[in-house]
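Undergrad: Single-letter residue listing:
Protein chains: 2
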Amino acid sequence: MGKTVDVKNIGLRGVTVADTKVSFIDGEKGILIYRGYRIEDLAEKSTFPEVAYLLLQGNLPNKKQLAGFNEELLKAREIPDQIYEGMKQYPAEALTMDILQSSISILAMHDPELEDDTREANVRKATRLIARLPIIAAAWHRIRKGLAPLSSDDSLSHAANFLWLLHGETPSEEVARDLDICLVLHADHTFNASTFACREVVSTKAHIYAGVAAGVGALSGSLHGGANAKVMKTLLALEGENDIAGWVREKLDRHERIMGMGHAVYKTMDPRAIILKEMAQRLAKTTGMGKLVERSMQIEKTALEEFEKRGKSQIKPNVDFYSATVYHQMGIPLDLMTPIFAISRVAGWTTHIIEEKTGEAQEKPALYRPKAEYVGTYCGLMGCTYTPPS
Amino acid sequence: MGKTVDVKNIGLRGVTVADTKVSFIDGEKGILIYRGYRIEDLAEKSTFPEVAYLLLQGNLPNKKQLAGFNEELLKAREIPDQIYEGMKQYPAEALTMDILQSSISILAMHDPELEDDTREANVRKATRLIARLPIIAAAWHRIRKGLAPLSSDDSLSHAANFLWLLHGETPSEEVARDLDICLVLHADHTFNASTFACREVVSTKAHIYAGVAAGVGALSGSLHGGANAKVMKTLLALEGENDIAGWVREKLDRHERIMGMGHAVYKTMDPRAIILKEMAQRLAKTTGMGKLVERSMQIEKTALEEFEKRGKSQIKPNVDFYSATVYHQMGIPLDLMTPIFAISRVAGWTTHIIEEKTGEAQEKPALYRPKAEYVGTYCGLMGCTYTPPS
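Top to bottom, those sequences are chains Y and H.
Take any residue in the first sequence, count from 1 to its spot, add 593: that is its number in this note's numbering.
Take any residue in the second sequence, count from 1 to its spot, add 593: that is its number in this note's numbering.
Misleading hints may appear alongside valid ones.
If you want a taste of the chain Y side facing chain H, the calculated C-beta under 7 Å gives, among others [said to hold, decoys possible]:
{"#": "1", "residue": "Thr597"}
{"#": "2", "residue": "Arg606"}
{"#": "3", "residue": "Thr609"}
{"#": "4", "residue": "Tyr677"}
{"#": "5", "residue": "Ala701"}
{"#": "6", "residue": "Ala753"}
{"#": "7", "residue": "Trp757"}
{"#": "8", "residue": "Ala786"}
{"#": "9", "residue": "Phe789"}
{"#": "10", "residue": "Ala807"}
{"#": "11", "residue": "Leu816"}
{"#": "12", "residue": "Thr951"}
{"#": "13", "residue": "Ala954"}
In case anyone wonders, no lab produced these hints; they're calculated from the structure.
Ideal Cβ placement from N, Cα and C applies to all residues, glycine included.
Pulled out of the complex, with its shape left as it was, chain Y reads as follows (with noise of 0.2 Å):
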């Protein structure tokens, strides 16, 4: 309280601002944990709906909260008629990421909880969101393309539903649990702008959905949630380039960025690009893809070297890099990557807005409330002097 620290400038980065129990990150050695779980170990072992158990309860399900926690999301799976009533009318070349926080608010008028801040409330409210981002995002990309919306088929899981309502076809085995493992991979990050929005939101006692649509609207921003789609853009835009390794020397002698390649935290190897990669090539196996995704190869493996010689080795492929590629062979469009990335995050989001209002990891002043330094027009002590409009 009342302490005075000069941070300008550096958009908060490196500045500790809160303490979290929900996940953790070691950007020098690349490690990423969720409530002390490893990410490769969540990845290989277990599903998207024990990942959002996990961060949502603090703790692992056993099989019977498990088989419970699926059941809400099952029941959850139906959405007011009005988001699709008004999904009609939408312009259809709106972006789905302004219909996902539409709905929010929407979802919000309907949940007969809102008023409801306890912990459970907020858990079962967390869960609702989280079976219905899909749904929304799904019926959405159908409607725009002049197509009815699809009833989900209860017999499929959290991820290959989506696919289900998507595509109009049951994915392949294989195919879910590989966008299961997506998910896993994107449902939390601790305090990146996103999610450090949902928790500003709600530090002024705003609820759930007041903050998850503020995640929703930071993830839209090309900075954030939009980085794979530009991946995949720069990859389809190169077929056809002989002289990947050319490409890349002369963008980094232009001293462009490569969508792709970097992190604000970490240093080495995103350990989520790892798990991608390898994901990207198992798929092309199938999808035929392979010229893709070999294209990726080549533009890493020049870049590493390059920016090895260029003194900056810290700057490897991020989580972005490899999603892009993944996702383009699950028939997602370009657009549907950042929902995408919604549709995982969202777990966290609720998560970190439930320890925000709980102070489950903290004791804190009420609400998110910096300085700023005045370097406007200044006419003295007294301001300067208004005079009407002549």
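Got chain Y; can you put chain H on it based on the hints?
TA: What follows is chain H alone, placed relative to chain Y:
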């Protein structure tokens, strides 16, 4: 960058995170300045559209510029039909702040300039948002009561038109001007929680609507925009209470807060409260609600005496304390008090968003990305070992 600073658990209080040219507060002296101009001077001599122009453009408009800006506001009063259609389907008990938030995302979908991120285009989008939030709030208020929304009266000012749309009666010039002054007083307040949320969201390059939606979410929290309605509830609950002084003392003895007293930044009387107190008294002469205003003043008097005795003389009435009685006298229902705050503050939010996007006041790394300290489970260097649920 890379600077490691620990400001943990203080909610960023006293932490200077950025430069700004928009506004300035001296909490010790009770000074609030927008773009160089004292709030008292603006409240006395300017109108809300002039102040919105001042904020957005950085300078006061001349007559021609002001006429042009007012013309823009007039033109933007038409909103997409879909917003009215949606309202007819929302549950009547839906929160107006949620209606505003979902409508903002819907406005984004319909904005032909959405992708144009230049300063000029963003000022135009800001102008449309300023014009439209009151239209949306008033339309919702009519629709939830089963009434048809009214059409704007182009002969009326921004503030007068809002009261017309709300009540279906043209307000007196005095009342319209008083609301206009309220809008001037609430238009900006440096890096409060909602404004910081706006800036944080667009620091990812998200569009202006995503930022404003986050601001609405943060303002909806009871610790931020919800305070004026809480003041009013207290005042109404005290109707018929003869011993107001005793009630205040008992409350303070129980270490309870008195709503509308005290502020994170002001250590003296909030300059806005001084103006609103006078306005509340003046309005009472016409509304016949002198007793209500009297009650506010009794609470203030005893509270100030008691705070003095208790060594807390820095606690004074804040902006919410008298805005409550002012709005109530204008026939504004409790649950529209926070939305009216939003209708004004949107001028400040959009200005800050544009400042964040253009870097007019500062250069800083792309996005806000703080750190958190992990205080959760951690089973050793390699993390806990995951075992599937049993």
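Undergrad: Does each hint hold? Answer for all of them.
TA: How the hints compare with the structure:
no. : hint   : verdict
1   : Thr597 : holds, 5 Å
2   : Arg606 : holds, 5 Å
3   : Thr609 : holds, 5 Å
4   : Tyr677 : violated, 11 Å
5   : Ala701 : holds, 5 Å
6   : Ala753 : violated, 19 Å
7   : Trp757 : violated, 25 Å
8   : Ala786 : holds, 5 Å
9   : Phe789 : holds, 6 Å
10  : Ala807 : holds, 4 Å
11  : Leu816 : holds, 5 Å
12  : Thr951 : violated, 14 Å
13  : Ala954 : holds, 6 Å
Of the numbered hints listed earlier, those contradicted by the structure are 4, 6, 7 and 12.
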